[in-house]
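Work out the full structure: start from the sequences and follow the hints.
In order, the protein sequences belong to chains Y and S. So the first sequence is numbered by our numbering: it starts at 771 and just counts up by one. So the second sequence is numbered by our numbering: it starts at 223 and just counts up by one.
A couple of the hints might just be wrong.
To be verified - Short derived list, chain S residues pointing at chain Y, Cβ under 10 angstroms:
hint, residue
1, 271
2, 274
3, 275
4, 279
5, 282
6, 283
7, 285
8, 294
9, 295
Stated by the list, open to error - Okay, derived cross-link-like pairs now, SDA-like style, lysine to any residue, Cα gap no bigger than 20 angstroms in a straight line:
hint, chain 1, residue 1, chain 2, residue 2
10, Y, 852, Y, 870
11, Y, 797, Y, 834
12, Y, 852, S, 272
13, Y, 797, S, 285
14, Y, 852, S, 271
15, Y, 797, S, 288
16, Y, 852, Y, 820
17, S, 232, Y, 860
18, Y, 797, S, 291
19, Y, 797, S, 287
20, Y, 797, S, 255
21, S, 232, S, 288
22, S, 232, S, 248
23, Y, 797, Y, 823
24, Y, 797, Y, 855
25, Y, 852, Y, 876
26, S, 232, S, 280
27, Y, 797, Y, 829
28, Y, 797, S, 286
29, Y, 797, S, 290
30, Y, 797, S, 293
Unchecked claim - Chain Y residues, not near chain S, derived (Cβ > 12 angstroms throughout):
hint, residue
31, 776
32, 780
33, 781
34, 782
35, 785
36, 789
37, 790
38, 801
39, 821
40, 829
Keep in mind that the hints were calculated from the coordinates and are not lab data. These figures come from a predicted structure and were not determined experimentally. For every residue, glycine included, the Cβ atom is placed at its ideal position computed from N, Cα and C.
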Amino acid sequence: MSETTENPIREAIADAIHDHEVILFMKGTPERPACGFSARTVAALEATGARFAAVDILPDPRIRQELSALSNWPTIPQLFVKGELVGGCDIVVEMYESGELAETLGVAPPADAPDHAPAGNEPGAPPLQIQNNLES
Amino acid sequence: MFVPSTEELKLRIESAIPGARAEVTDLTGGGDHFRASVAAPEFSGMSRIEQHRRVYAVFGPDIGGPIHALSLETRAE
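Okay, structure coming up:
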């Protein structure tokens, strides 16, 4: 990444990934997901009880563009753990259902884990503070 | 810009990845949200991330363009 100094958005994304052990780039916020795939991913993460930072990619199209260029992954959401891309919605939900997600996140899997991932929250919940380092 | 169809997606995956077999469904009926189940010999030894990247790479910029969403399930065979 030789162009980081000329690319503040990509640099901010890389910093956010580096600085947060678990970080989800999504459409909308955990409280108000703007897409079903993001909602399902948030629901799986929340079901593990793990804490995670979240970044809404919608406010600026360059966030998604730079994120995908950085991660070599074309779709949203994208979950990173310890600086590494874990996957998008399909992989996160698959990992939740197998118990692998809790292990990757370093939390104990819930004893009463259901066979299927929980449904995503419907939009409408009140917005809460989320961590978002990318808005300049 | 092509108008995606399940047949088109299946054909593109199976043409691009040797020996691949793909089942593609249109999730919404709207021709832009798809789900593909793909089995291919070359997935053997690849991580899940790499397998999904391989399928996404078949479509390049069409993902996020005419194909708004492509949900994937991949496996080696």
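Query raised in the report: Is the nearest Cβ of chain S still more than 12 angstroms from the Cβ of residue 789/Y?
Result: Since the minimum Cβ distance to chain S is about 22 angstroms, residue 789/Y lies beyond 12 angstroms and the statement holds.
Query raised in the report: For the hint on residue 275/S, does the least C-beta distance to chain Y fall short of 10 angstroms?
Result: holds (6 angstroms)
Query raised in the report: Was residue 776/Y rightly flagged as not at the interface, with every chain S Cβ beyond 12 angstroms?
Result: holds (23 angstroms)
**Report entry** Hinted pair residue 797/Y and residue 255/S, Cα distance within 20 angstroms
**Finding:** holds (16 angstroms)
Query raised in the report: Is the nearest CB of chain S more than 12 angstroms from the CB of residue 785/Y?
Result: Non-interface label stands for residue 785/Y: nearest chain S Cβ at 22 angstroms, farther than 12 angstroms.
Query raised in the report: Can residue 271/S be said to touch chain Y, with a Cβ gap under 10 angstroms?
Result: With a closest approach of 6 angstroms, the residue 271/S hint holds.
Requested in this report: Please work out if residue 232/S and residue 248/S have their alpha carbons no farther apart than 20 angstroms.
Outcome: holds (11 angstroms)
**Report entry** Given hint residue 855/Y paired with residue 797/Y - CA-CA distance at most 20 angstroms
**Finding:** holds (17 angstroms)
Query raised in the report: Hey, residue 797/Y versus residue 286/S, does the alpha-carbon distance stay inside 20 angstroms?
Result: holds (13 angstroms)
**Report entry** Hint consistency between residue 797/Y and residue 834/Y [alpha-carbon to alpha-carbon, up to 20 angstroms]
**Finding:** Answer holds: residue 797/Y to residue 834/Y is near 10 angstroms, not above 20 angstroms.
Query raised in the report: With d taken as the least Cβ-Cβ distance between residue 829/Y and chain S, does d exceed 12 angstroms?
Result: Consistent with the label, residue 829/Y stays out of reach of chain S, its closest Cβ about 17 angstroms off (over 12 angstroms).
Requested in this report: Would you assess whether residue 782/Y, listed as outside the interface, keeps its beta-carbon beyond 12 angstroms of every beta-carbon in chain S?
Outcome: Its Cβ never comes within 12 angstroms of chain S, the nearest being 21 angstroms, so this holds.
No hint from the list above goes unmet by this structure.
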